[in-house]
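**Q** This is what each chain is made of:
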Amino acid sequence: MNTGRGTRLPLPSSVRKRSMTRLIFAGLALLMSCTLAFGQDAPMQAILQDQSALIVKSSRKTIAPAIASITNSGLPQAQDVLQAWQGKLMWQRKSDGVFFRGEKLDSKTYRLFDFDTGEAVGEAPKSDLKQIKPNSGIRALIGSALVQFQLSDPDPLRRLAALTSIQRDPSADLLAPLRASLAAETDADVLAKKRRAERLLTIAYDGDEPARIAAIADMSGDVGVDVRATLNPLLETQIKAFPNTPPATLNVARKLVPGDTISTDAAYAMLVDNGFAPSLISADDMRQTLAQHITDGKVGGIDVNLLDQPEARTRAYAGLVATGLAKSAPTLPEIKTAVASHSFVEIYHDPSKAVTTAAAAAMLGIDLKVGANQTFDLILDGLSLASIYFLAAIGLAITFGVMGVINMAHGEFIMMGAYTGYVVQQVVPNHTASILIAIPLAFAVTFAAGVAMERLVIRYLYNRPLETLLATFGVSIALQQLAKNIFGTQARPLTAPTWLDGAWVINDVVSISYIRIAIFVLAVAFLAIYLFIMKRTRLGLETRAVTQNPHMAASMGINPNRVNMLTFGLGSGIAGVAGVAIGLFAKVTSELGNDYIVQSFMTVVVGGVGNIWGTLWGAAMIGFLQKGIEWFNPSNTLAAQTFMIIFIIIFIQFRPRGIIALKGRAAGD
Amino acid sequence: MQNSFLMRTPSTLIFLALLAVFTIIVTALSEGLGLGLVSTSLVKTLGKTLCLGLVALSMDLVWGYAGILSLGHFAFFGMGGYMIGMWLMYERTRDIVVHSLADAPIPSTAQEISDAIGNQIFGVVGSAEFPLIWAFADSLFLQLLLVVLVPGVLALVFGWLAFRSRVAGVYLSILTQAMTLALSLYLFQNDSGLRGNNGLSGLQNLPGFSDVPQSLVSLWFLWGSALALGLGYLVAAWVVSGKFGSVLRGIRDNEARVRFLGYSVENYKLVLFTGTACMAGIAGALYYPQAGIINPAEIAPIASIYLAVWVAIGGRGRLYGAVIGAAFVSLLSSWFTGGRAPDIVLGSFALKWVDWWLIALGLSFVLVTLYAPKGIGGLFDLISNRTSPNRHGADLGPDAGALREQEANE
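Taken in sequence, the protein lines are chains C and G.
Each residue of the first sequence is one higher than the last, beginning at 0 in numbering that gives the first Met the number 0.
Each residue of the second sequence is one higher than the last, beginning at 0 in numbering that gives the first Met the number 0.
So that you can see chain C by itself, here it is in the shape it has in the complex (with noise of 0.2 Å):
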């Protein structure tokens, strides 16, 4: 302790409880602070008085000192002078240029806070102040700074979101101050977060090298995203060109061959912008140059107008070249020379070898288990999407399946139930109650517009498939059209309620949102209703018995119309409810039918022609055959969608009556 102004310092009563280092840290601080006013009891404001032109300033480049000096202190009051200083409530009084947090009183005037005190000194005018206002990179960097002393915060939401902030901003200097929390931690998943943040930051920061990989080892058959952050950059390779061999002292991935493992043009490119060779001439440029040079409506020797050929242009380049009019191309055979006297290798930005050949394997080890968890998640995927086209189907293998009618506005009953369910919303503001009274109502409406549809239209087709179709095509355009014209064109939410909000998430690489869960529940409960009703009741006996013959079901007294119009109600409301449950995850406009009607038929007529067990087979393969193929190009759903339509078609060939056919007298014809 030599400072030349003693040792014994009047320090604030608060900081003389601390211990002796700290103590040591504010005399060097002192030590590097100018000579004012306020050096001996106040600490933190002779810091920033010695900084005050770089506060003042506030550039993101030069700040960099300012922030470490305050940070470096020691002093207790320096996690507050952040903290203000990030909050934009550092005010700097004019008149003598002394710091205070500034607190507002009114539009005028500031009462003013000591730094070194924490306790108000006044109040002034806004005129007599100056606002220090940090740009939004400088308030990242005090934040990190921050990091530090929140990772001891006494509240452990604090101490998680400083490892939040270390997880989106990771720096070296973090490393240091993360462990030395460790031993203090007392919450057991704080501790947790933060092992786990310290061994990534070892592994990105950690100078030793044994330290570095032991934590890869840690780390490796981890599948979070964070982890393979950490491990990518390390693995991030750079391709170079060397004169002769490469320096040992590099860490090279792979030694690249010239015409297999990498392009001649792509290696020549590279030795270009290295500086090792002439760059080539490229087509615009030589008609660049020929350009230049006409001279008498010629070029090189050769007439402009012969230049509309390629090989007349070489020899036209040729001729300037020869008469020192242009730099000469390099030829093929350069090309290849230069190339060939190269070496290229791919090379680690990490030095360290031992470091990346760990990180490779674990790598390795950690991309195998994503590939698995990605095929769980892909089966996930098309579960989910398979008990949709269920969800959407199961009304026609009733009335197309069960009934043999087709009915094209299967899909504006779908569009039915998503907008009563809809319209439910808009009077039940509780989002449970809402959906709870929706799919009944749902229900209930498209039961109706079915029967309705069934005595007025299609009950004089039965028999008439073709006219049915065409018939259920002009109701579907019409309401259609009834939807646009009551709804509008826009798109109308149809809010899912809270606890069905995010996605259970079983790691990093595997989710599935709560709606599809209830999605694929809703579908199994229909399956159940839908064998309840066609095994166990008396409406599915019927139903069965006007299907396979309605005279002779006539004759035991069975009502045929009856059962007809209910067996349609019935299939109609599933749809309903169906759009309600479509509703919740997809658009509600009044086109939403179209986007499920062509599917469903599919649906039905690939799982088989009157066999809910075939529907669902059907669902399920159409679900996951679209989500596999989707898995190929992830980026056009488009294309998976022809493509799954066109196999389709193809599967028809081979089982024309669909994966379970009918056998017998039931098949009809």
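It cannot be assumed that every hint is accurate.
Chain C regions said to be covered by chain G (calculated; three or more residues, Cβ under 8 Å) [said to hold, decoys possible]: (1) 294-308; (2) 452-461; (3) 480-491; (4) 574-586.
Computed Cβ-Cβ distance ranges for the label pairs, DEER-style [unchecked claim]: (5) Arg258/G / Thr494/C: 54 to 60 Å; (6) Phe243/G / Pro655/C: 22 to 28 Å; (7) Phe241/C / Ala103/G: 41 to 47 Å; (8) Ala265/C / Ala127/G: 17 to 23 Å; (9) Ala127/G / Val271/C: 19 to 25 Å; (10) Ala27/G / Ile645/C: 48 to 54 Å; (11) Thr488/C / Tyr370/G: 29 to 35 Å; (12) Phe21/G / Gln425/C: 50 to 56 Å.
Going by beta-carbon spacing under 10 Å, a handful of chain G positions derived as facing chain C [what the hints assert, rightly or not]: (13) Gly66; (14) Ala109; (15) Tyr267.
In case anyone wonders, no lab produced these hints; they're calculated from the structure.
All of these numbers come straight from a predicted model, not from anything done at the bench.
Even for Gly, the Cβ is constructed at its ideal location relative to N, Cα and C.
Position chain G against the provided structure of chain C, taking the given hints into account.
**A** Same frame as chain C, but now just chain G:
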């Protein structure tokens, strides 16, 4: 043969005569060559309507005569349009590019011109390369051939697959609809090579005739469309009047019985399906240069459904019915949706036709299906005093596509 065939079907002669009179009257009143009472855009609309009549004719052959409710014929129509559109767009862009490159100090190489055309055409979809399917775009003859070949081959492959596995009735309808959907979804992507949802545009400009006014070009297309419709009608009438037509009607009314009689039902269907697809392609190739633009939305399944609507309203199973239906419904549609039809005021509520026309069309379609299966064409029976055999409402055949008694007259 030809003579007796025309004698046997006087409706053909009447139709052709009316078509000729219509064309002459429009020409005489047109802006291009006549009195100027009919605007160029109306001439184009009428020319397009004739093309729609031709594609409706092909639909009627497939559906009304053979009972195959194809929901893919408008896709074939669109394919024809795309094929001619490729040539029109390529040649026109080439004219522009060559013109703009002519000022360059150095004459351009063929490669440079081709690159510049590619850049112009495919710039909107972020590409500059010519896809493989544009290989023949510089040849009018080959593209004209493709107008017939592309829909034809597509129909042949699809029909062969479908008919061979005995897919019939509504299943076939759904399958053709799926095919149409797949095609339009495919064309909607940007890397389909046909400019994605931008489609092909500027088709109304004929390359090499840039100094001919549109008023004249529209007349050329009107004549071309009328000629195609007339020839198409003649061929269709001849086909259905002969033995081939009888077999088709037999297939419609009872496919199994025709098969047992020894006819190869699949081949008959395949020939008809492919032939009508070619016909639809030709209609499309004449339609889209008049419309000026084609995009995948034109091919969407709903368009093929409207085609079925036209034929049903006009009266299926009679050729003039299809043409009348297409002309009547499409002209009425464009009148009502064009905003020129007066609103119906019901007290404080004004019924706008733009909003309500589709509902009216949908419901009238239901009514026609239910109560007037003969469609508009049925009105001619009143004039000609044709009587139907009284079968007390029974079907002529047991098959799904079989006509009911009151619509079976021709």
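**Q** Decide, hint by hint, whether the structure agrees.
**A** Each hint, compared with the structure:
| no. | hint | result |
| --- | --- | --- |
| 1 | 294-308 | holds (count 6) |
| 2 | 452-461 | holds (count 3) |
| 3 | 480-491 | holds (count 4) |
| 4 | 574-586 | violated (count 0) |
| 5 | Arg258/G / Thr494/C: 54 to 60 Å | 57 Å, holds |
| 6 | Phe243/G / Pro655/C: 22 to 28 Å | 27 Å, holds |
| 7 | Phe241/C / Ala103/G: 41 to 47 Å | 42 Å, holds |
| 8 | Ala265/C / Ala127/G: 17 to 23 Å | 21 Å, holds |
| 9 | Ala127/G / Val271/C: 19 to 25 Å | 24 Å, holds |
| 10 | Ala27/G / Ile645/C: 48 to 54 Å | 50 Å, holds |
| 11 | Thr488/C / Tyr370/G: 29 to 35 Å | 33 Å, holds |
| 12 | Phe21/G / Gln425/C: 50 to 56 Å | 53 Å, holds |
| 13 | Gly66 | 8 Å, holds |
| 14 | Ala109 | 7 Å, holds |
| 15 | Tyr267 | 19 Å, violated |
The structure fails to meet hints 4, 15 from the earlier list, while all remaining hints are met.
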